[in-house]
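Protein chains in written order, with my numbering: chain X, 1 to 488; chain F, 489 to 814.
Keep in mind the hints are simulated off the structure, nothing from the lab.
Ideal placement from N, C-alpha and C gives every residue a C-beta, glycine not left out.
One should not assume that every hint holds.
Stated by the list, open to error - Per the computed footprint, the stretches of chain F lying under chain X, defined by three or more beta-carbons under 8 Å from a beta-carbon of chain X, are:
no., segment
1, 493–502
2, 589–598
3, 671–677
4, 680–687
To be verified - Listing some non-contacts, in silico: residues in chain X with all C-beta distances to chain F over 12 Å:
no., residue
5, VAL118
6, THR136
7, ARG378
8, ALA402
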Amino acid sequence: MPEVVSSPLPDVAHDSAAGRMACLEGSCRWPVSLLCWGAAKWLVLATFMGLVASLNFHAPRMFGDVAWLTYGRVQPAFWTFLVYGFGLQIGLGVALWLLVRLGSAPLAFPGAVVAGTVLWNLGLLVGGVGLLAGDTTGHPWLELPGYASPMLFGGYLLIGLGALGTFARRQNATLHPSQWYLLAAVFWFPWIYSTGNLLVVFAPVRGVMQSVVAWWYGAQLMFVWFGFVGLAVLFYLVPRLLNRPLYSHYHAQLAFWLLILFSGWRGIPSGAPVPAWMPGVGTVFAVLTLVPLIALALNFHGTLRGCWEGVRREPTVAHLVAGVGVYLLTMGLEVVRTLPPVGRVTELTWVVPGLQHWYLYGFFAVTLLTAVRLILGRLWPDGFPTAGWGRWGVLLVAVGAAVQAVSLLGGGWAHGRGLLRHDLAFMEAFEPALMAFRLATLGDLLLVVGALWFAVGMGRGLCRALRVRWAPGLAAAFRPEPVTEGRS
Amino acid sequence: MNQGPMLFLGVFAALALSWFGMIVQPQFQLGRATPGTNVVNTAELYPQPRPGLAQEGLQVYRSLGCASCHSQQVRQDGVLLDVVLKDAGTNTPAVVEAIHRLPGRFSLPEAGRLLSELPATVLEGLTDPALADRTTRSLVEAGAKAEVRLTAVGPDIERGWGRARTVAADFLYDQPALPGQVRLGPDLANVGARLPLADWHYRHLYDPQGTMPGSVMPPYRFLFERRKAGRSVSPDALRFGPGPGAEMIAGSRTNWGGGGAAYPEPVVEVEEVVPTHEARALVAYLLSLRAEVPLLERPMAVTAASGGGGVSTNGPASGLTNSPAL
Numbered sequence: 001m002p003e004v005v006s007s008p009l010p011d012v013a014h015d016s017a018a019g020r021m022a023c024l025e026g027s028c029r030w031p032v033s034l035l036c037w038g039a040a041k042w043l044v045l046a047t048f049m050g051l052v053a054s055l056n057f058h059a060p061r062m063f064g065d066v067a068w069l070t071y072g073r074v075q076p077a078f079w080t081f082l083v084y085g086f087g088l089q090i091g092l093g094v095a096l097w098l099l100v101r102l103g104s105a106p107l108a109f110p111g112a113v114v115a116g117t118v119l120w121n122l123g124l125l126v127g128g129v130g131l132l133a134g135d136t137t138g139h140p141w142l143e144l145p146g147y148a149s150p151m152l153f154g155g156y157l158l159i160g161l162g163a164l165g166t167f168a169r170r171q172n173a174t175l176h177p178s179q180w181y182l183l184a185a186v187f188w189f190p191w192i193y194s195t196g197n198l199l200v201v202f203a204p205v206r207g208v209m210q211s212v213v214a215w216w217y218g219a220q221l222m223f224v225w226f227g228f229v230g231l232a233v234l235f236y237l238v239p240r241l242l243n244r245p246l247y248s249h250y251h252a253q254l255a256f257w258l259l260i261l262f263s264g265w266r267g268i269p270s271g272a273p274v275p276a277w278m279p280g281v282g283t284v285f286a287v288l289t290l291v292p293l294i295a296l297a298l299n300f301h302g303t304l305r306g307c308w309e310g311v312r313r314e315p316t317v318a319h320l321v322a323g324v325g326v327y328l329l330t331m332g333l334e335v336v337r338t339l340p341p342v343g344r345v346t347e348l349t350w351v352v353p354g355l356q357h358w359y360l361y362g363f364f365a366v367t368l369l370t371a372v373r374l375i376l377g378r379l380w381p382d383g384f385p386t387a388g389w390g391r392w393g394v395l396l397v398a399v400g401a402a403v404q405a406v407s408l409l410g411g412g413w414a415h416g417r418g419l420l421r422h423d424l425a426f427m428e429a430f431e432p433a434l435m436a437f438r439l440a441t442l443g444d445l446l447l448v449v450g451a452l453w454f455a456v457g458m459g460r461g462l463c464r465a466l467r468v469r470w471a472p473g474l475a476a477a478f479r480p481e482p483v484t485e486g487r488s
Numbered sequence: 489m490n491q492g493p494m495l496f497l498g499v500f501a502a503l504a505l506s507w508f509g510m511i512v513q514p515q516f517q518l519g520r521a522t523p524g525t526n527v528v529n530t531a532e533l534y535p536q537p538r539p540g541l542a543q544e545g546l547q548v549y550r551s552l553g554c555a556s557c558h559s560q561q562v563r564q565d566g567v568l569l570d571v572v573l574k575d576a577g578t579n580t581p582a583v584v585e586a587i588h589r590l591p592g593r594f595s596l597p598e599a600g601r602l603l604s605e606l607p608a609t610v611l612e613g614l615t616d617p618a619l620a621d622r623t624t625r626s627l628v629e630a631g632a633k634a635e636v637r638l639t640a641v642g643p644d645i646e647r648g649w650g651r652a653r654t655v656a657a658d659f660l661y662d663q664p665a666l667p668g669q670v671r672l673g674p675d676l677a678n679v680g681a682r683l684p685l686a687d688w689h690y691r692h693l694y695d696p697q698g699t700m701p702g703s704v705m706p707p708y709r710f711l712f713e714r715r716k717a718g719r720s721v722s723p724d725a726l727r728f729g730p731g732p733g734a735e736m737i738a739g740s741r742t743n744w745g746g747g748g749a750a751y752p753e754p755v756v757e758v759e760e761v762v763p764t765h766e767a768r769a770l771v772a773y774l775l776s777l778r779a780e781v782p783l784l785e786r787p788m789a790v791t792a793a794s795g796g797g798g799v800s801t802n803g804p805a806s807g808l809t810n811s812p813a814l
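Work out the full structure: start from the sequences and follow the hints.
What follows is the structure, encoded as structure tokens:
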């Protein structure tokens, strides 16, 4: 039985290299912590907004006099906070740390990263207020108004500069699979975000073409950005925590190229009022995605073979493995959903957003929050002396996501079946789904508690760390210690 | 795979492919669309821009996130074809013979009877266009006038949400285009044709459960002004309830004069609910949603009984939109 190593992460070799790695990680301590702390705050806000939105199904009259609390404004705000406030921010934070660690190079341009983080959060704050005031663009995934999205774009470029600079400074000759996935994700976003905002908000294309752009953008962000960052974390942490090698670099490479080739063509819903080839192409590529999914499943299965006892004993690893499971499951269901006979039932029901919620919470959030638990434990040993901090928060998020997913998928399916029966009026078709949607509020409640638990734990740990080592930390953030040894 | 530049180039190529395929190519096909000719009335272009107030209403619709719950996409499973005999022409025996030979299994006397009640449907509910075409041709060759009529089918259509599917052209002038993605409420693609009364929409927006029991739609009371009625109730105040006297009154409160006042009679204060400009714009937009024009990509039957009496533009039915709520 291989030994399972819990956090803090073990180093490659337990000699002077350990000290060097700690020194390297010191270079990203402040930027990464800032990104993670920002993400935790937005996660609390997003889950809270999700809860408020879901209350509408219990008492629709509750907010009838308050424009900014009406469902149509809270729902886009919830999604924007979750995607941009939490998802992209925590993804970038963990990506920077991974690039530093895998490349054995100090973080490049830490000042730019900090400035970018501030700009990103400022843009989101301005945009979030704008959303609640009714300035949404109306397009899913691209809701942020035109005065906020350039701030996010600029912020991302600054943070991305740090990521690419760190990658360029790498010291190791061989690239880890996680580095491929991270580099692709980091590069992907500026292109799709500028395309999306230019063609939908600033110089809008005509008619339903706007929706085509927004659908394409949403699929890219979901399948490529969130998927790749999450997979990068899993490819690094799962083998590392189990103290064994990744089963197959070849499988990881195959999955990488196929996912990147196939994901770009998906996203147009099957019933959309567009020429039929667009959703048709999406369905074909969705089915082809099964090949990289099988490669990923084999890879993780091979890596975990013989270690299941260890996974069961160590909650940190169990959470990551749950992330793998939810990834494969939701991606598989996404394929099934696009098949025409199934799509006829599920399109325009809550099955579609339900799957997206599960993917973002159950796979991405659980994976990344677990990574943040380990990373902050390493960056601030004084602040997070115990390995178990935030564990319950992650667990609650995972359980809440599952509860929500089961109710939304079940309710959405019942609703879709009802909509296909022409003898049922809309309300009769909706009735059986309503109970399920109300049950989803329980999931929302668990998500709020989980996010709060995690954020409070993180805040307390960071405060403790700052109290202990305020001065040296501050110095290290702005003057990364030069690394001389080991340069070729 | 250890070279950064190669990795970067590969990623770049994959993204560029997807970008050309899913953004540039659709833009060539859809983004350059222009209003087309209506297949029934070739003098009429479709779509037409919405009237001004309805365009303002689209912004209210966007701002309130109505598209979070309402789709504007009528789905269609297919079409059923009917072959209709319009005129028997002069060679009646040949036409009767032709009808007799159709797969409709008309006996000769039945076929003869059909000719007396034209136009008559000789074949109904076909799914095979080739068969419908052959049938029509055989009738035409016999000297009759016949045509194929299409009926779009699908649960959305049978539920009355539209007479055929929604197509890209319906959104051509909309900025933003909001086809929606979830149906937590009914589809609105043709709500202006389905529910053409502004008054109903005002009451529904103010109190959805009042007009639609069991609805989960939140009320939009903030789109209305609740104020003390003057000497007479405003003409555009909302009407609640069937009573003739109380019909314009949202709530009333009897205010008995203070003790020892000079006027002992009670003063009845009447409150009225009046739609704001935003509410008017939103309702004008909703009433302008009538995408029921036959197009090449959306064939549908045109009968005098259905539709808005020939005003099937993507605009409001005349005289309904801007009128006050009374």
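Here's how the hints hold up against the structure:
Counting residues of the segment 493–502 of chain F whose C-beta sits closer than 8 Å to any C-beta of chain X gives 6, which meets the bar of three, so the coverage hint holds. Counting residues of the segment 589–598 of chain F whose beta-carbon sits less than 8 Å from any beta-carbon of chain X gives 0, not enough to reach three: the coverage restraint is violated. Residue count for the segment 671–677 of chain F with a Cβ under 8 Å from a Cβ of chain X: 4. That meets the three needed, and the coverage hint holds. With a threshold of 8 Å between beta carbons, the proposed coverage of the segment 680–687 of chain F by chain X is violated, since 0 of its residues qualify and at least three are required.
Non-interface status of VAL118 of chain X relative to chain F is upheld: no Cβ of that chain comes within 12 Å, the nearest being about 28 Å off. At roughly 6 Å from the closest C-beta of chain F, the C-beta of THR136 of chain X falls inside 12 Å, breaking its exclusion from the interface. The Cβ of ARG378 of chain X sits about 26 Å from the closest Cβ of chain F, beyond the 12 Å cut-off, so the non-interface label holds. No beta-carbon of chain F is positioned within 12 Å of the beta-carbon of ALA402 of chain X; the least distance is around 21 Å.
Figure legend: structure checked against the earlier numbered hints; hints not met, in rising order: 2, 4, 6.
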